[in-house]
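Here are the chains, one letter per residue:
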Amino acid sequence: MPKVLPRDLADLQGVVDEAARVEGLNGFRTIYEVLDFDEMNMVAAFGGFPVRYPHWKWGMEYERLSKTYEYGLSKIYEMVINNDPCYAYLLESNSFVDQKLVMCHVAGHSDFFKNNYAFQYTNRRMIDEMANHATRVRRYADWYGVDEVENFIDKVLCLENLIDRHAPYIVRTRKDRDTDEGERAAKVDSVRRMPTDKEYMERYVNPDQYMESERERVQKEEKKQKTFPAEPARDVLQFLVGYAPLKRWQRDILEILRDEFYYFAPQAMTKIMNEGWASYWHAHLMTKKLMLPSELLDFADRHSGVVAQTGKSLNPYKLGVELFRDIEERWNRGCFGPEWEHCSNMAEKQAWDKKLGQGRQKIFDVRKHYSDVTFIDEFFTLDFCKRNGFFTYGFDKKKQDFVIESREFKEVKKKLLASLTNSGSPVICVTDGNFENRAELLLEHRHDGVDLDFAYARDTLRNLQYIWTRPVHLLTHFEERQVMLSFDGEALKERPVGRQV
Amino acid sequence: MGLRIHTDHHRFRAIVRGRIKQNLKDYIKSGDLISKQGEKKLTIPIPRVELPHFRFSDRAQGGVGQGPGQAGESVSGQPQQGSQGQGQGQGQGKGKAGADASEHGVDVEVSLNELADMMGEELKLPRIEKRGSKRLSSRSLKYSGVHTSGPEALRHFKRSFKNALRRQIASGNYDPNNPVVVPVREDMRYRSFKVVEKPQSNAVIIYMMDVSGSMGEEQKEIVRIESFWIDTWLRRHYDGIESRYIIHDAMAKEVDRHTFFHTRESGGTMISSAYRLCAEVIRQDYPRDEWNIYPFHFSDGDNWSVDDTRTCVGILREGILPIVNQFSYGQVESPYGSGQFIKDLREHLHGHPAVSLSEIKDKDGIYASIKDFLGRGR
Chain A
15 MPKVLPRDLA DLQGVVDEAA RVEGLNGFRT IYEVLDFDEM NMVAAFGGFP VRYPHWKWGM
75 EYERLSKTYE YGLSKIYEMV INNDPCYAYL LESNSFVDQK LVMCHVAGHS DFFKNNYAFQ
135 YTNRRMIDEM ANHATRVRRY ADWYGVDEVE NFIDKVLCLE NLIDRHAPYI VRTRKDRDTD
195 EGERAAKVDS VRRMPTDKEY MERYVNPDQY MESERERVQK EEKKQKTFPA EPARDVLQFL
255 VGYAPLKRWQ RDILEILRDE FYYFAPQAMT KIMNEGWASY WHAHLMTKKL MLPSELLDFA
315 DRHSGVVAQT GKSLNPYKLG VELFRDIEER WNRGCFGPEW EHCSNMAEKQ AWDKKLGQGR
375 QKIFDVRKHY SDVTFIDEFF TLDFCKRNGF FTYGFDKKKQ DFVIESREFK EVKKKLLASL
435 TNSGSPVICV TDGNFENRAE LLLEHRHDGV DLDFAYARDT LRNLQYIWTR PVHLLTHFEE
495 RQVMLSFDGE ALKERPVGRQ V
Chain B
133 MGLRIHTDHH RFRAIVRGRI KQNLKDYIKS GDLISKQGEK KLTIPIPRVE LPHFRFSDRA
193 QGGVGQGPGQ AGESVSGQPQ QGSQGQGQGQ GQGKGKAGAD ASEHGVDVEV SLNELADMMG
253 EELKLPRIEK RGSKRLSSRS LKYSGVHTSG PEALRHFKRS FKNALRRQIA SGNYDPNNPV
313 VVPVREDMRY RSFKVVEKPQ SNAVIIYMMD VSGSMGEEQK EIVRIESFWI DTWLRRHYDG
373 IESRYIIHDA MAKEVDRHTF FHTRESGGTM ISSAYRLCAE VIRQDYPRDE WNIYPFHFSD
433 GDNWSVDDTR TCVGILREGI LPIVNQFSYG QVESPYGSGQ FIKDLREHLH GHPAVSLSEI
493 KDKDGIYASI KDFLGRGR
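As they're listed, the protein sequences go chains A and B. Per this note's numbering, the first sequence runs over residues 15 to 515. Per this note's numbering, the second sequence runs over residues 133 to 510.
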């Protein structure tokens with residue numbers, strides 16, 4: 015596919031990249047490729063990559079994109095992938111001003127990929143890696159059959175959100191917890207011995223019989239505590255890679271897919287910021303530097319399309335760009351810190367201007383150190399919420415419809431954060447890989463007030479069982495009760511556990 | 133360039149059509165896209181296969197929106213669909229599923245050719261052996277090569293000048309500062325063509341239907357459905373296909389498609405009239421060397437008299453069977469018809485290779501009947 019970038023676009027890229035550099039953006043070198051709509055749909059269906067492992071889901075996405083394009087419902091202007099060098103695609107039929115806008119947008123993304131902390135551990139050679147994955151999967155398909163391999167991939171895809179999104183940034187299991195055997199024995203011995211400095215008293219203060227029984231008790235307890243896994247495993251896929259009885263090719267495919275899930279995870283974790291940042295920069299670069307007067311209307315049209323709000327749903331582009339602008343303005347005027355927080359005089363607050371001019375510096379810091387959750391947590395203020403008219407909605411059983419519930423700042427923020435936490439997926443971990451001492455698998459859903467979709471949960475459990483081969487269980491809550499969902503390969507069982515919560 | 137995605141796409145279509153991977157059948161959702169075109173609402177079916185995940189129940193979860201409205205007011209549209217008309221971001225289409233998955237059956241959009249193929253596979257229909265395809269051919273010219281001689285009108289500028297340039301560089305006559313290239317006689321190249329003979333096959337379907345009083349709406353419906361499938365199948369196999377329609381009661385006449393399916397005559401039945409007209413049509417318009425001919429006749433099996441039946445057999449033997457690929461007779465069961473005609477045909481034409489007879493009891497019988505008609509690959 016190596017088409018040479020047409021001369022005019024190559025020149026344009028030079029101009030845009032230079033303008034971005036002067037503004038302080040520091041992205042990867044970007045390679046643009048011009049695609050026609052069909053190629054664009056294909057690449058988009060592949061998640062931005064030119065080659066992916068064979069699977070029908072790409073075909074499904076391709077069909078959706080082709081149809082929506084065909085009927086004029088949507089059009090992909092641009093795509094950019096996190097790689098070094100950064101690859102970005104331009105739609106051949108775009109007008110010149112579109113391409114300019116897209117390049118500005120891409121400059122923002124590229125900078126974000128390179129500098130945001132969430133992306134620091136992603137594979138920057140993913141474009142090659144993906145191609146390797148494709149080759150491996152294809153080879154397995156040749157050896158073991160297309161259906162066999164695809165079916166297995168289907169099963170794994172059902173579990174794609176059972177990864178530990180924060181694993182790259184923190185150490186969850188501490189090595190020093192498991193001390194070696196001798197040390198533990200010493201601990202047992204030392205424990206519970208009454209202190210006495212008179213040797214002859216020893217037999218009376220710590221009678222042998224008592225010491226023996228105590229030692230046994232402690233040992234028993236230790237054994238009980240020695241669970242497998244030692245700590246709940248949030249990276250369920252990793253656990254399966256390690257312990258599920260898989261064939262070699264299956265294990266390899268599981269690892270391949272897990273790799274890819276981890277590669278995409280930061281993008282889901284920073285959707286609002288990433289899009290907001292890119293939108294901020296395309297608007298800034300275009301309006302302040304690059305736009306010709308004659309391009310104004312086209313630019314305004316495209317830009318408003320990007321940040322448009324359909325119905326009352328939340329548009330991450332819009333939320334992101336507005337939040338960045340809000341931050342910039344606040345730090346320019348000095349609207350932060352204890353002095354600002356404690357000021358209750360509205361008039362004073364409105365006229366507040368310490369002329370600090372730290373806005374630009376601040377948003378660059380923010381784009382480096384935050385992800386969506388922390389971004390919203392820190393910068394989504396009461397003032398911002400009121401100004402932009404946010405609300406929470408929920409399902410009204412009487413009306414059988416989703417209705418507006420509240421405009422309370424606290425409620426809005428809570429819900430918004432909840433929807434972003436763990437990228438909107440429930441937190442589920444493996445708590446016991448040898449449940450009932452029968453090599454069964456126990457998963458626990460950390461219930462935080464929102465129930466699982468049970469129809470989905472049942473089917474997912476079936477697929478998990480296929481991989482684990484022994485019975486699997488999921489402990490969760492349903493309508494205020496603790497429920498154990500089990501599948502043993504033949505029948506699904508649901509039974510209430512313990513007391514009412 | 134052939135897109136790599138086509139294999140995946142093909143596979144997805146096969147899943148949606150239920151041909152492979154039955155285990156995914158439960159996850160197929162229709163997910164229509166609705167767009168407006170002028171006044172009309174257009175529904176574009178976009179099937180999806182949604183693999184299950186552990187996820188929150190939409191209803192229990194709720195979410196955050198933006199915009200005006202009082203508490204208690206409905207949030208129009210789906211929550212969090214995030215359909216930003218433009219800008220796809222960097223892949224990872226993590227849009228949440230719409231909450232309004234309709235529970236009706238899933239309409240799957242298929243093209244007629246696909247439909248024909250599906251039918252073919254389902255009924256295990258053989259591919260049709262075309263007749264006359266070798267005898268009839270159309271000629272066309274294909275510009276496929278380059279020669280050193282030819283008419284000036286066909287000279288190949290680019291090649292000629294390339295040759296000239298090559299020669300000049302080789303002989304040292306080329307000056308990059310003054311890049312003048314002058315082709316001489318030997319440099320000239322001309323396009324040359326080949327005559328390609330393209331085999332061609334044409335087919336005509338002649339539908340005949342009894343529209344006498346005894347053929348009710350239900351019978352016609354059966355004929356309509358059956359002829360649709362026959363049409364689809366034959367069109368899959370022939371590029372140029374023509375259809376002719378003949379209706380008859382005691383008299384036969386040729387009509388257009390609409391009339392064919394919608395008239396209701398009354399009165400007696402003389403099947404021979406239709407066969408006579410059919411033979412006439414073939415004789416006039418469709419020489420057997422050039423055409424694949426498929427007459428189909430549908431009736432409820434009532435004929436005027438034994439004499440007329442004898443005439444029919446005569447016409448078939450003499451005028452129709454020798455020149456057609458296959459003559460098909462479908463007898464639709466009707467409360468008024470005696471159903472005698474098929475028995476007579478069976479008696480007189482038993483074992484004739486070009487005759488295909490089928491009795492159609494009701495709508496469910498259509499399936500078997502199509503197999504009777506088309507199962508022989510003629």
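One thing to keep in mind: the hints can contain errors.
Quick look at which bits of chain A chain B covers, simulated, 3 or more residues with Cβ under 8 Å [said to hold, decoys possible]:
| hint | region |
| --- | --- |
| 1 | 66 to 79 |
| 2 | 379 to 390 |
| 3 | 411 to 421 |
Short, incomplete list of chain B residues facing chain A, as computed with Cβ under 7 Å [what the hints assert, rightly or not]:
| hint | residue |
| --- | --- |
| 4 | ARG143 |
| 5 | LEU183 |
| 6 | PRO184 |
| 7 | SER272 |
| 8 | TYR275 |
| 9 | ILE447 |
| 10 | ARG449 |
| 11 | GLY451 |
| 12 | PRO454 |
| 13 | GLY509 |
By construction, these hints were calculated from the structure, which means they are not laboratory data. Note that the coordinates shown come from a computational prediction; the quantities given were computed from them, not determined experimentally. C-beta: ideal position from N, C-alpha, C; glycine also.
### Query
Which numbered hints does this structure break?
2, 7, 8, 9, 10, 11, 12, 13
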